[in-house]
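The hints should help you fit chain B onto chain A, whose structure is shown.
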Amino acid sequence: MNLLVFTKRVPATQEEELRIVDEGRGVDLSKVPFKVNDWDNYAVEEAVRIVEKTGGTVTAISMGDAESDEVLRRAIAMGAKDGFLIETDQILHDPGARATVIQNFLKKESVPFDAIFTGVQSEDDQFGAVGGILAAKLGLPFVSMVIGIDAFESDHIIARRELEGGLQEKVKIMLPGVISIQTGINEPRYVSIMGVRKASKVERKIFKGKEYDDNVNSTIELVKWAYPVRKGEATMLNGELDGICKELLGILKEKGVYQ
Amino acid sequence: MAIQTQTRVLTCIQCGKCTGSCPEAGRTPFNIRMLVRKKQFQHQIEESIPWYCTSCGACTIRCPRDVKPSEMIIDLRSAMVEEGDIPATIQKALENTFVQKNPWGRSRAKRGAWFEKMEIEIPHVSETESRRLLFTCCIQAYDPRCMVIPVNVATILNKAGVEFGVLGEEEACCGNEIRRIGELGLVEELQEENKAVFEEYGVKEIIALSPHCMNTLKKEYGDLGIKVSHYTELIASLIKNGSLVPRESYNKKVIYHDPCFLGKQNNIFDEPRDILTSIDGLDLLEFSRSRENSMCCEGGGGRMFFEVEAVYQRNADLRVQEAVDRGAEEIATSCPFCVMTLEDPATEKGIKVKELSEILMEVL
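For the record, the sequence lines run as chains A and B.
In this text, residue positions in the first sequence follow this note's numbering: the first is 1, and each later residue adds one.
In this text, residue positions in the second sequence follow this note's numbering: the first is 260, and each later residue adds one.
Here chain B stands alone, though its shape is the one from the complex:
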């Protein structure tokens, strides 16, 4: 374990705020306070336990002693990665990322497939004056459900007259999930590759389509001298300054789910709500746990690639049930992972999950 992590762990006073805010505590064998305690005494930790963590960051944000328990989990996982002893599906995601630069192992040559069939022509970032890059994200480049998100955002930005470009197959996985899985050598490689491409084409600004990519590009790539933001920040400002005007009504009750990497980890709470409230007829509802206290959907921290052993009612299921109970007709969110985790229980309960850009496409 890294010395810094070990030192921080020793300062833990076992107050329990981490466990109190953890989305896995109480219902799964994962008890973050106990894990920190075990690390203090250098006791053995059962190998399957660290993989429950969703990397939502709540423990680290709320810890009064700056122990950073979620970083301790990364260290635990990293040790297992270096030992080579990790769950098979996580292993596959890492090997895929090494070979094809995305955890799904889809062809890197097809990373730009989403924009090839669009009616508008999207330039390579090197051909733009602004050198503003739309960073796609792996899941949105390949997953049929999520490929619509970059198409929507590109269409909306084009409509607002915002110049931007893409990298296509030259874009590699951002490494956000890979870091949280603990494969730190691979993270370094991905970062070096992306940084070299940003530098080669003189990228000045990055609009990230996923909160996960935005988080790592903003906080974990070092000082790139590049402004990084999430697309909802840009669109909210375009609506505010009148460059984009939602013209159609959207007469529905919509409840907004805060993605952890956008909300609690990066304090972007208002922009997605500003977008939704700018739409005529849209009745914005809130979850009992929203904004800083939003409940994690359990799609982060490698959980997209790994099914835990414990059988319990999933957070996405609880979230959807609350949306139904509050009378929502649709759940809106602004993260592809949240869309994927919420959609299954939502379909079962007859409620729709929409990524923000999907609602915007109907009203602009």
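Looking at chain A on its own, in the form it has when it is part of the complex:
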């Protein structure tokens, strides 16, 4: 069983006050630290757990700049056999363009696989579309938002998908196929720094992204970055603690939150 897992290095923006620069053409990421995309971390863990049970190998693949090697080493430390870096000069935001590069890469390099794992989405672009577009381009079955894999056989999988209203949908897809993994499907193991250092000794193959840009057309154009419009609906309560508590209680009662 050969499983491919896509993993992406993304800026850790949750705690940052991001600044829009170049008159809306970009965001200043110069002081923002980077990390592995959360969804991909779960996807790597899931793939590694499967091969630990069924046998086979996991290959981690990342598309991005040279620094993306960091997430490949991380995946290898988690249990992937090796890593491929598709090194690109420019950031491809368009999920269609990303999927096309991947399709070209898999075809040109004749990468064998039984299943492709992706995270549901990436924290930076949040299109949540690469997995689906890639499956369509490859003509393979696709299952999205997977929160559990109940069976992983040589020709099919039984997966559980997350639906609205607390419902789960159990589906069967034939392999080879593309599976997009939702966070929470497992508890990803901790990757120690020593583990990442050891993983550095495992060879990662580097492929130049421009070799795979046939028919890569961006259909999405960035117009402008913008901050959310302030709606002014927050109310600040000032004064003594007792007064603030009474006022807050009044508001909660008025809104029907507290009776």
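Treat the hints as calculated values from the structure; they're not laboratory data.
Every residue gets a Cβ at the ideal spot worked out from N, C-alpha and C, and that includes glycine.
Watch out, some of these pointers could steer you wrong.
As the list claims (entries may be wrong) - Among the chain B residues that face chain A by a calculated CB cut under 10 Å, a handful are:
| hint | residue |
| --- | --- |
| 1 | 364 |
| 2 | 441 |
| 3 | 448 |
Showing chain B alone in chain A's frame:
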């Protein structure tokens, strides 16, 4: 397990002084003497057990055979870290430290937020003649309760005419807690990063604001050629030589809680007491267990990031109850972790917890 640790473990005579001094023994499943015994016979140790250790160091200090049981715990944890099988909240603290250089995962760019709003201007350490660095500590750089401590100490040192500087976002976590959690690779990275910055700016002296940072900077960074001390040592000497004079009275009964990393692990018992007794009207009380025998608040060794399974009366609760029983109006301490652990039960019992600098700000 490291060969050194294994060798030391084999010299254990099972005297039980470690368990006798352990703040977790008897009330939680954690029995350090039994763990050492199990290691001697290479028996399996249940995975949740090593995480009870608060790294207070009492076992290692009191062991007559130099077995260093608290170091054995670090080795046990380290093996679990390398396996990747550790409690989720500990994992988060480590991942945060890797990305943002602090266990809380707050933005590194905001590490200097505490001094940006101060009225006095605090220079970068490279702009000082003395190259004296005020090392902030993660919890004091980010936690709203503890951010007042660096502000206070900076204000007091400024008042005494002591020149110092800061590193702001160039400061990384010291690694004291990370070492005790067992992530030794990350400790190396943090140390290398901090050492490179100290060297780049020619730092000659470090005033640590937290006993935890002071401990590791002093003992675990190798020979930096940099004098490291805790801020209470400097302030006690400034009061002694007359550079700082507490002018206001503080007519309260105050009981002092010795932080493990300041007291029993680094023998700084007198300086905080000298500061408190220099204040007119302050009636200094002592716990039945104080100085070398001080009871750990259970905030160290990764316990700030991890809730153990056992349900028991916490040490902080016992400590606060004793403070109340002894008639104290306030508990004073000189460690941010102690402040955080003591404050909840203290609030419940209607008694205040003050970090030393908070008392000083009222009397100087």
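Right, here's what the structure says about each hint:
Evaluation of the residue 364/B hint against chain A yields a held restraint, the C-beta minimum of about 6 Å falling below 10 Å. At a threshold of 10 Å, the smallest CB-CB gap from residue 441/B to chain A is about 9 Å, leaving the interface hint in force. Annotation: interface hint on residue 448/B holds; nearest CB of chain A at approximately 6 Å, less than 10 Å.
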